[in-house]
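To convert, note that position 28 of the sequence shown is 28 in the UniProt record's numbering; the numbers rise steadily by one, no gaps.
Please note that a few of the clues may not be correct.
Restraint-style ranges between C-beta atoms, simulated for each label pair [unchecked claim]: (1) Lys107 - Glu29: 38 to 44 Å; (2) Arg66 - Gly95: 36 to 42 Å; (3) Asp100 - Leu46: 18 to 24 Å; (4) Leu46 - Ile102: 16 to 22 Å; (5) Arg66 - Glu22: 32 to 38 Å; (6) Asp69 - Asp89: 35 to 41 Å; (7) Glu41 - Lys107: 42 to 48 Å; (8) Lys3 - Ala30: 16 to 22 Å; (9) Arg99 - Arg33: 33 to 39 Å.
It is worth saying that the hints were derived from the structure and are not from the lab. As the structure is a prediction and not an experimental result, all values here were calculated from the model. No residue lacks a Cβ here, since even glycine has one placed at the ideal position from N, Cα and C.
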Amino acid sequence: MSKVVVLTDHETATGFRLAGAEVVDTTPEAAQRELERLITEGDYGLVAVDTGLIPDPQAATARVMRGRDLPILLPIPSLKDAFNPNTVDAKAYMGKLVRDTIGFDIKL
């Protein structure tokens, strides 16, 4: 059975661990190396990659993934993007993520 792992930064890793996910926390400098290690050494079926570390995981690992079906690389939005000084409204940013994911707005 294939496993699932999340590649993210130290701050975000805690939330994923609390949710029960296997996590590899890393720095932006080491993220590429860690992702390639997860692809080649692990028996992972899904690797969720924080886009704050690697914006386009598919492009970054095209050479390593050549000829492989697994793992599936799932880019997940970085929380740092929501609170980036260039992002004016964090609530609007998160609303856009929900809208893009499920196709409509949820208002409480």
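Hint check:
no., hint, in the structure
1, Lys107 - Glu29: 38 to 44 Å, "holds, 40 Å"
2, Arg66 - Gly95: 36 to 42 Å, "holds, 38 Å"
3, Asp100 - Leu46: 18 to 24 Å, "holds, 20 Å"
4, Leu46 - Ile102: 16 to 22 Å, "holds, 20 Å"
5, Arg66 - Glu22: 32 to 38 Å, "violated, 25 Å"
6, Asp69 - Asp89: 35 to 41 Å, "holds, 40 Å"
7, Glu41 - Lys107: 42 to 48 Å, "holds, 44 Å"
8, Lys3 - Ala30: 16 to 22 Å, "holds, 21 Å"
9, Arg99 - Arg33: 33 to 39 Å, "holds, 34 Å"
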